[in-house]
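Residue numbers (my numbering), protein chains in the order written: chain G, 1 to 316; chain Y, 1 to 279; chain L, 1 to 256.
Honestly, the hints are just simulated from the structure, not real lab data. Among the clues, some could well be false.
Straight line, CA to CA, 27 Å or less: simulated DSS-like cross-link-like pairs of lysine-lysine [stated by the list, open to error]:
hint	chain 1	residue 1	chain 2	residue 2
1	L	Lys252	G	Lys260
2	L	Lys9	L	Lys36
3	L	Lys36	G	Lys260
4	G	Lys85	G	Lys125
5	L	Lys36	L	Lys23
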Amino acid sequence: MNGVLEVRDLRVNLRQTRLLDGIDLSLARGEAIGIVGESGCGKSLFALALMGLLPPPLRATGSVCLDGQNLLALPEGAMCRIRGKRLAMVFQEPMLALNPVQPIGRQVAEGMRLHGLGRADAEAKARRLLNRVGLARVRPDAYPHTLSGGQRQRVMIAIALASDPDILIADEFSTALDMVTQAQIIRLLAELSAETQMGLLLISHDLGLVAEAASKTLVLYAGRPAESGPTRQIFAAPRHPYTQGLLGATLHGTDTPPGKVLAAIPGQVPDPAHRPEGCAFAPRCGRAAPDCCAGVPDMAGRNANLAACLHPLAQP
Amino acid sequence: MSLGSTPALPRHPSLIAGIVLLSIVLLPASLSVVWTPFPTARLDIVHRLAPISATHPLGTDPFGRDLLSILMIGARNSLSICTAAIALGAAIGVPVGLAAAASPGWRGATLMRAADLGLAFPPLLTASMIVAALGAGRGGTILAIGLFNAPAFARITRVEARSVLQRDYVAAARIAGRGPAAILGVHVLPNIAATLLVQATIALALAILAEAGLSYLGLGTPPPVPSLGRALSEYQTQIFDDPLLVIAPGAAIALLVLGLNQLGDGLRDILDPAVAQRA
Amino acid sequence: MTEPLLRAKNLVRDYPQPGSRTKRRVLHGIDLEVAKGECLGIIGESGSGKSTLARILMGLEAPDEGSVTFRGSDFFGPARRAIRPHIQAVFQDPYGSLDPRQRVGAIVGEPLIALGVGRAARQSRVAAALAEVSLPAEAAEKYPAMFSGGQRQRIAIARALVTRPALVIADEPVSALDVSVQAQVLNLLVDLRARLGLACVFISHDLAVVRHVAQRVLVLQAGRSVEQGETAAVLRNPANPFTRSLIDAVPKPVRS
Chain G
1 MNGVLEVRDL
11 RVNLRQTRLL
21 DGIDLSLARG
31 EAIGIVGESG
41 CGKSLFALAL
51 MGLLPPPLRA
61 TGSVCLDGQN
71 LLALPEGAMC
81 RIRGKRLAMV
91 FQEPMLALNP
101 VQPIGRQVAE
111 GMRLHGLGRA
121 DAEAKARRLL
131 NRVGLARVRP
141 DAYPHTLSGG
151 QRQRVMIAIA
161 LASDPDILIA
171 DEFSTALDMV
181 TQAQIIRLLA
191 ELSAETQMGL
201 LLISHDLGLV
211 AEAASKTLVL
221 YAGRPAESGP
231 TRQIFAAPRH
241 PYTQGLLGAT
251 LHGTDTPPGK
261 VLAAIPGQVP
271 DPAHRPEGCA
281 FAPRCGRAAP
291 DCCAGVPDMA
301 GRNANLAACL
311 HPLAQP
Chain Y
1 MSLGSTPALP
11 RHPSLIAGIV
21 LLSIVLLPAS
31 LSVVWTPFPT
41 ARLDIVHRLA
51 PISATHPLGT
61 DPFGRDLLSI
71 LMIGARNSLS
81 ICTAAIALGA
91 AIGVPVGLAA
101 AASPGWRGAT
111 LMRAADLGLA
121 FPPLLTASMI
131 VAALGAGRGG
141 TILAIGLFNA
151 PAFARITRVE
161 ARSVLQRDYV
171 AAARIAGRGP
181 AAILGVHVLP
191 NIAATLLVQA
201 TIALALAILA
211 EAGLSYLGLG
221 TPPPVPSLGR
231 ALSEYQTQIF
241 DDPLLVIAPG
251 AAIALLVLGL
261 NQLGDGLRDI
271 LDPAVAQRA
Chain L
1 MTEPLLRAKN
11 LVRDYPQPGS
21 RTKRRVLHGI
31 DLEVAKGECL
41 GIIGESGSGK
51 STLARILMGL
61 EAPDEGSVTF
71 RGSDFFGPAR
81 RAIRPHIQAV
91 FQDPYGSLDP
101 RQRVGAIVGE
111 PLIALGVGRA
121 ARQSRVAAAL
131 AEVSLPAEAA
141 EKYPAMFSGG
151 QRQRIAIARA
161 LVTRPALVIA
171 DEPVSALDVS
181 VQAQVLNLLV
191 DLRARLGLAC
201 VFISHDLAVV
211 RHVAQRVLVL
221 QAGRSVEQGE
231 TAAVLRNPAN
241 PFTRSLIDAV
251 PKPVRS
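Turn these sequences into a full structure, and let the hints guide you.
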């Protein structure tokens with residue numbers, strides 16, 4: 001399988017603790033994959049590991065191949081040329097990621113200038129990008145604080161797009177936004193991905209939101225993959241009990257009638273330093289059997305839908 | 001995202017350094033409450049300007065008094081005077097700051113302008129005025145240094161208190177029916193105590209310097225009570241004959257100030273992240 | 001026609017603008033009612049004035065014009081202290097709404113202090129409130145730092161219940177929580193309403209959540225109430241285009 005991005009057995013360690021334990025992912029051009037999980041599942045670490053931005057005590061092992069080249073093996077200088085140019089990222093808090101003392105046009109153009117474009121060209125392209133992300137009525141010399149949260153997020157997307165990246169990673173981009181803006185941003189990202197054949201990684205805690213744009217979804221739990229497969233299939237017939245629990249608790253993207261008791265998963269996500277033996281979800285799982293505590297289950301299954309479960313839910 | 005429930009404890013070089021440096025001076029100073037190698041009141045001209053020896057680890061001064069004993073008592077005096085002064089400054093400044101934080105609009109602003117007025121007076125002149133009025137001595141020094149510190153405490157208390165007053169748990173306390181005094185005492189003060197403690201430590205360091213300066217000018221502790229600052233002024237003429245007489249008190253002051261600064265930094269490192277950390 | 005539990009009439013609120021003489025109007029005359037045992041959902045995006053409305057209903061700020069009455073008495077008038085225990089609140093941020101320096105028992109029991117309830121009685125009522133939110137009595141001895149976001153929100157709910165209020169104002173109570181934890185807290189709120197007959201004003205930006213818990217809904221846009229009515233009816237047939245855009249923004253159910 002040859003996607004533009006191939007991740008094999010990615011692990012992130014903090015000294016003795018394994019924070020992220022064996023993630024596999026294959027992203028093709030123009031494809032959008034959703035990475036979903038709750039607090040402590042490691043999805044933000046995943047994004048940082050791909051970008052080579054893990055803070056020093058954390059180390060990543062495994063392989064992250066962009067068009068065949070393993071990014072984890074690259075020295076920082078080479079990684080800098082790739083970061084921002086071929087691999088771009090949009091963050092959660094646009095106000096913190098934008099420079100408050102620079103006009104937005106200049107911030108969009110800056111990346112391009114760094115990668116060699118001349119000043120006039122960069123400014124023209126910046127103007128075009130701002131239009132493309134829906135900011136046609138905002139002047140390029142506006143400062144970030146005069147814009148709303150949704151507009152700032154669009155500026156972040158414009159900055160990310162400035163260098164025509166191969167892959168855009170959106171990390172919890174929607175949390176600080178209103179529902180209407182969230183929906184607009186998701187649609188924008190999906191359109192851009194289709195237009196430019198850019199690969200899209202949508203990282204969120206909101207399964208329903210991600211389902212709007214992602215054709216495939218990877219569900220993470222406590223640093224390990226729980227289930228992956230086509231989004232529709234996961235919604236229709238989840239195989240991993242955690243996914244089922246998550247769907248039962250989610251109001252977005254599901255048909256839950258008002259007032260119905262939501263399927264709340266008892267207990268809490270374990271601390272990575274204190275994961276239970278065997279399957280990390282077993283203590284909270286209604287289907288747990290003795291062999292679930294024996295060893296960590298591998299991702300297994302027929303066709304495209306894989307689940308890390310020894311006793312997955314039956315397929316209809 | 002927690003990175004493990006027991007993160008490797010960050011090293012605290014500042015805190016350790018501070019404690020070590022302070023102990024060098026603090027331990028003998030505390031000891032001087034019950035015992036010093038030699039009494040400092042008695043003159044012993046026969047042994048004047050003695051060099052370092054087993055009986056006199058730091059030698060003697062022009063009047064034959066044991067330098068080590070003088071420094072022990074002098075350090076103790078400095079610390080006790082300055083601690084009292086900082087306590088006075090906090091006792092005045094913190095309530096003013098709390099009142100200013102809790103009073104919106106012009107009332108709070110007026111209180112802060114009054115505090116600023118205190119800052120406008122040059123400390124040395126204020127000290128001189130107080131000493132001229134009350135006479136040199138512990139009381140005058142404590143008053144002078146305390147009054148000088150009060151506005152700084154008022155300002156920092158107000159800033160910190162205002163930030164705490166914006167928190168949801170204060171709103172919850174208002175909804176619970178708590179009065180403003182109860183909110184300040186139960187919710188605001190405990191949550192700003194850490195910052196005030198750090199402020200007090202740093203202020204103490206500056207107070208030590210201030211007291212030494214006042215004593216050097218003759219405005220602080222009068223003779224015959226030993227004092228670090230006055231020792232500097234008394235012995236400065238001996239600087240070429242017996243430099244230890246000047247170096248030793250100066251080093252004691254430096255150690256106190258440096259130790260307190262490091263302690264303050266170390267406390268800030270420990271206390272601030274703990275306050276900001278989530279479960 | 002029974003008197004509604006809470007009635008707000010023509011609420012207007014202005015904020016001063018720095019660097020300008022004129023004030024900014026944040027609420028343009030809001031009317032709303034909450035009946036006994038009913039949950040009213042208030043839907044608004046950021047900048048809609050929902051936080052200001054929440055603060056007024058909680059009694060933290062007085063409106064510049066208009067009135068809020070509880071069982072007929074003016075909430076901002078002389079009856080204020082008597083009304084206080086009957087209207088309690090839950091906030092959005094589980095990490096900011098509990099005093100980190102106080103034990104859970106003191107936090108949950110705080111509303112009882114102003115009522116003059118004695119220490120022993122406070123302890124037993126705190127234990128009862130913690131049981132209502134499925135937390136063990138031992139939790140009262142611990143500090144908030146030892147609890148997760150969802151547990152803290154439950155502690156906040158226990159605090160809101162301890163005076164046995166008739167009405168709870170909840171400002172985005174689940175927005176800061178993980179999905180599965182949101183479910184626990186939402187289930188708890190629905191259950192409390194059923195068991196205790198608790199009325200509720202549930203403020204949120206998330207229509208899906210409001211649809212789940214509220215019988216009636218008020219849509220807030222730029223400080224104005226643009227639509228109000230029974231939740232099912234409003235969502236089936238929104239009269240206002242803004243309401244329609246909110247409905248469209250909810251992620252659609254994924255069909256296989």
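Right, here's what the structure says about each hint:
1. Taken as a hint, the lysine 252/L and lysine 260/G pair is honoured in the structure, with Cα atoms around 18 Å apart against an allowance of 27 Å.
2. With a CA separation close to 18 Å, the supplied pair lysine 9/L and lysine 36/L stays within the 27 Å bound.
3. With a C-alpha separation of about 21 Å, the suggested pair lysine 36/L and lysine 260/G falls inside the 27 Å cut-off, and the hint holds.
4. This hinted pair checks out: lysine 85/G and lysine 125/G have alpha carbons roughly 15 Å apart, not beyond 27 Å.
5. For the given pair, lysine 36/L sits about 36 Å from lysine 23/L by alpha-carbon distance, which is inconsistent with the 27 Å threshold.
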